[in-house]
Amino acid sequence: MADTKRTHRPGPTQPLEGEDITTTRWEDARHWMSIYADLLEFKRGILARVHRDIANLQPLAQKTAAVDLEIIEAQMHGYQQRLDLWYRRLWELHGLWLDPEGRMIRHQGREVALTKREFQLLQFLLDHPHRYFSTSQILGQAWVDPALFPEEVRNYVRRLRRILADLAVPVDLVNKPGKGYSLVFRGS
Amino acid sequence: MKKVKPKSARPDVDAAVRGGDWSQPMDGEIAPQQATIKQALYWRRIYTEILVMEEQVLARIRQLMTTQSNEGRREVEQTNVPVVIAQAERFRQRRGYWDARVMELGGESQPEP
Numbered sequence: 045m046a047d048t049k050r051t052h053r054p055g056p057t058q059p060l061e062g063e064d065i066t067t068t069r070w071e072d073a074r075h076w077m078s079i080y081a082d083l084l085e086f087k088r089g090i091l092a093r094v095h096r097d098i099a100n101l102q103p104l105a106q107k108t109a110a111v112d113l114e115i116i117e118a119q120m121h122g123y124q125q126r127l128d129l130w131y132r133r134l135w136e137l138h139g140l141w142l143d144p145e146g147r148m149i150r151h152q153g154r155e156v157a158l159t160k161r162e163f164q165l166l167q168f169l170l171d172h173p174h175r176y177f178s179t180s181q182i183l184g185q186a187w188v189d190p191a192l193f194p195e196e197v198r199n200y201v202r203r204l205r206r207i208l209a210d211l212a213v214p215v216d217l218v219n220k221p222g223k224g225y226s227l228v229f230r231g232s
Numbered sequence: 563m564k565k566v567k568p569k570s571a572r573p574d575v576d577a578a579v580r581g582g583d584w585s586q587p588m589d590g591e592i593a594p595q596q597a598t599i600k601q602a603l604y605w606r607r608i609y610t611e612i613l614v615m616e617e618q619v620l621a622r623i624r625q626l627m628t629t630q631s632n633e634g635r636r637e638v639e640q641t642n643v644p645v646v647i648a649q650a651e652r653f654r655q656r657r658g659y660w661d662a663r664v665m666e667l668g669g670e671s672q673p674e675p
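First to last, the sequence lines map onto chains A and B.
In our numbering, each residue's number is its place in the first sequence (first place is 1) plus 44.
In our numbering, each residue's number is its place in the second sequence (first place is 1) plus 562.
Hint data in this document are derived by calculation from the structure and do not stem from the laboratory.
For every residue, glycine included, the Cβ atom is placed at its ideal position computed from N, Cα and C.
Please note that a few of the clues may not be correct.
[Unchecked claim] To be clear about the criterion: a stretch of chain A counts as covered by chain B if any three or more of its residues have a C-beta under 8 Å from a C-beta of chain B, and this derived list gives those stretches: (1) 79-88; (2) 101-112; (3) 145-156; (4) 221-228.
With the sequences and hints as input, model every part of the structure.
And the structure:
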């Protein structure tokens with residue numbers, strides 16, 4: 045799959061057959077999250093293969109085949125968007141809601157007021173589910189203040205974990221060595 | 563030979579399948595009928611390489627498909643597989659033009675990889 049002479053290819057933002065984002069069953073949301081996570085993993089496998097094979101081609105053939113990478117990446121972007129959508133739907137179905145105006149988090153009728161940085165960190169992680177972020181990425185992207193010390197991230201992570209536990213939100217703010225922090229739905 | 567494809571809700575797939583148009587040369591590729599034997603051998607080798615790659619990608623897709631859910635497999639069948647097949651077919655056709663030109667100029671035909 046190569047050489048389409050296009051620079052922009054939108055990914056598959058349309059739902060797959062049988063996919064219904066208006067479902068009221070959280071099990072459906074989990075089901076589609078798992079499908080999109082698998083499809084992303086599948087695309088990563090193909091991408092790795094194409095990267096490896098392209099390196100062995102003549103320069104002209106490399107140029108033609110490089111379009112494959114664009115197609116795969118565009119499709120991955122589309123799958124990632126659908127996965128994010130399902131994550132948001134899952135939060136809704138579990139009664140989790142963030143109020144940016146009042147910087148509040150609500151879960152199943154209970155609510156807690158957050159500080160500005162707590163709110164920004166939580167919103168950033170909720171907006172980018174299924175991905176891991178290093179301390180420096182959080183400083184630069186969640187808070188847009190790379191001048192802060194990495195210890196600040198660890199401090200706010202501890203505070204958020206306590207808040208999420210107090211509200212019984214079924215997520216874990218995990219820290220994987222070499223990958224960083226992510227909000228992971230419990231059991232996923 | 564141009565193929566007319568129906569519009570679908572998958573512009574990424576439409577664009578990629580259009581890339582399987584047999585008449586579409588690579589950048590810098592000249593018309594086979596104007597090529598010298600050296601040029602013809604060069605372009606046959608380029609198309610052979612890229613065809614081998616596409617076939618390996620297709621094999622990898624089929625291998626990875628076995629681990630997908632039914633919904634995931636259907637998505638892959640409707641997207642990746644036809645795209646790679648269309649592209650491989652294009653490269654096979656163009657490789658054929660160059661192989662024919664090599665023979666016309668007194669060279670030996672080379673079986674497909």
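Hint by hint, here is what the structure shows:
no., hint, in the structure
1, 79-88, "holds (count 4)"
2, 101-112, "holds (count 9)"
3, 145-156, "violated (count 0)"
4, 221-228, "violated (count 0)"
When each numbered hint is compared with the structure, violations occur for hints 3 and 4.
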